[in-house]
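Undergrad: On the provided structure of chain A, position chain B as indicated by the hints.
For the protein sequence lines, the chains are A and B, in the order given.
Position 22 of the first sequence, counted from 1, bears residue number 22 in our numbering, the numbering being contiguous throughout.
Here our numbering = 1-based position in the second sequence + 1000.
Keep in mind that the hints were calculated from the coordinates and are not lab data.
Yeah, the Cβ is synthetic: ideal placement off N, Cα and C, and Gly gets one too.
Certain hints may be false.
To be verified - Here are the computed lysine-lysine pairs in the BS3-like style, where the Cα-Cα straight-line distance is at most 25 Å: (1) K149(A) <-> K1186(B); (2) K1149(B) <-> K1186(B); (3) K1186(B) <-> K186(A); (4) K186(A) <-> K1149(B); (5) K1149(B) <-> K149(A); (6) K149(A) <-> K186(A).
To be verified - According to the in silico footprint, chain A covers these stretches of chain B (three or more CB under 8 Å from chain A): (7) 1094-1108; (8) 1118-1125; (9) 1129-1135; (10) 1163-1169.
2 protein chains.
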Amino acid sequence: MLFFTQCFGAVLDLIHLRFQHYKAKRVFSAAGQLVCVVNPTHSLKYAPTRCAAAQTSAEQGILPPCHHHEAVHDPQLVPCTCPLYSCPWEGHLEVVVSHLRQTHRINILQGAEIVFLATDMHLPAPTDWIIMHSCLGHQFLLVLRKQEKYEGHPQFFATMMLIGTPTQADNFTYRLELNRNQRRLKWEATPRSVLECVDSVISDGDCLVLNTSLAQLFSDNGSLAIGIAITTSKVHNAEGEM
Amino acid sequence: MLFFTQCFGAVLDLIHLRFQHYKAKRVFSAAGQLVCVVNPTHSLKYAPTRCAAAQTSAEQGILPPCHHHEAVHDPQLVPCTCPLYSCPWEGHLEVVVSHLRQTHRINILQGAEIVFLATDMHLPAPTDWIIMHSCLGHQFLLVLRKQEKYEGHPQFFATMMLIGTPTQADNFTYRLELNRNQRRLKWEATPRSVLECVDSVISDGDCLVLNTSLAQLFSDNGSLAIGIAITTSKVHNAEGEM
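Only chain A is shown next, with the shape it has when bound in the complex:
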């Protein structure tokens, strides 16, 4: 009986996913962009993440935040960069992608410009939507997080990180674009490296920040479509002046 109930649940999920996919494809078909439907995952808010632990250590003057493990062991070794889990995994940058895919089941998409369609935006904070994006010979991690920085007032934070070193990250510019209801919001910045901590990027507010009301204006039936584009910094610098 339990088996049949689970099967039925899985079929319902598939139908829901298919519907979201179809809807997104209809909306963005004109632009010919690849649409990826990203379902939310609840953050383990109170789980001690590696970053948080490192931060605490740093505050106590013991070690620098986030990548203290690598500084001690091997500078090429990185802790698990998935912001959802307090994952004990540690490995070289080259195998971070396969770890994220295999252990955390994070999808990877190819293409210069893609549309990230985050579903179920109404879910309570903390919630994350995560995907990897393969582009220009590198892999990037896109994190959209719903979080309450001020109690009772959830906000959405979106950032992109390179699965590479900070020096490599400096060669790129990422763009996140929301476009709906005669409003358009664009954020362009240099991606951070996954060697830095996604939690600190978000707590610093150095990313695309949306209040709930603005997120609702850009949402369609509970889903938020974010256009993503990555370019090399040369292009960015040439266009960079206002």
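TA: Just chain B now, with coordinates in the frame of chain A:
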């Protein structure tokens, strides 16, 4: 003695303004854009503004918010649109601009693209920076407001309003752009009419919203430069797809 002290103060203010102007012109000279230095004005937070009074009346089920006066008297009569003052003035749309210039000393700038340089961003909330922009045969009001929606956490809200009717406003698109430190943030939307209430636009969050940390990243020495451009909606629609 008091006279000399006041004169000295005025000279110091002029030097400060001149310095800000020079700095801004140096920064934006390459783009050949007109730079307007806008000094802050403290909002009269607890003064009962016309809008707030109208809102209270609306909550009590007496009259619709903001432009209830016009609905009763003359639909072409508008209350003073300057968000800073609880000004008892009421007049036709055609004379709002001269009222704002003469009574509230709000500057007006000409040009398709201008740079709005708001000084002294560190001042405590509530603070407003206001300017009028004359473009495409119409006048627009740009309001940048520092306000604490969540106590202890000031945010910056920027919006543009047409000094005209909502139908006229629908013909335009305004763009606000911040560009500094390898980060760029663009907001595009249809301007609201001054017949609507700037307070409600800001409380709805239907505008460019900046957390303090992001505002600091885009600021240079306490001043925030916002590039402003206005186009007709036809251009916007043609470019409007992602």
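Undergrad: Indicate, hint by hint, whether the structure satisfies it.
TA: Structure-based check of all given hints:
Note on K149(A) and K1186(B): the hinted pairing holds, with a Cα-Cα distance of about 23 Å set against a maximum of 25 Å. Restraint check: the Cα-Cα separation between K1149(B) and K1186(B) comes to about 22 Å, which is no more than 25 Å; the hinted pair holds. Between K1186(B) and K186(A) the alpha-carbon distance is near 5 Å, which keeps this suggested pair within the 25 Å criterion. Pair hint K186(A) plus K1149(B) holds up; C-alpha atoms about 23 Å apart against a cutoff of 25 Å.
As the CA atoms of K1149(B) and K149(A) are separated by approximately 13 Å, the hinted pair is consistent with the 25 Å bound. Only pairs whose Cα atoms come within 25 Å are accepted, and K149(A) paired with K186(A) is accepted, the gap being roughly 22 Å. Only residues whose C-beta sits within less than 8 Å of a C-beta in chain A count toward coverage, and the stretch 1094-1108 of chain B has 0 of them, not enough to reach three; the restraint is violated. Check result for the stretch 1118-1125 of chain B against chain A: violated, 0 residues qualifying (beta carbon to beta carbon below 8 Å, three or more required).
With a cut-off of 8 Å between beta carbons, the stretch 1129-1135 of chain B has 0 residues touching chain A; three or more are needed, and the interface restraint is violated. Restraint check on the stretch 1163-1169 of chain B versus chain A: 0 residues with Cβ-Cβ distances below 8 Å, three needed, restraint violated.
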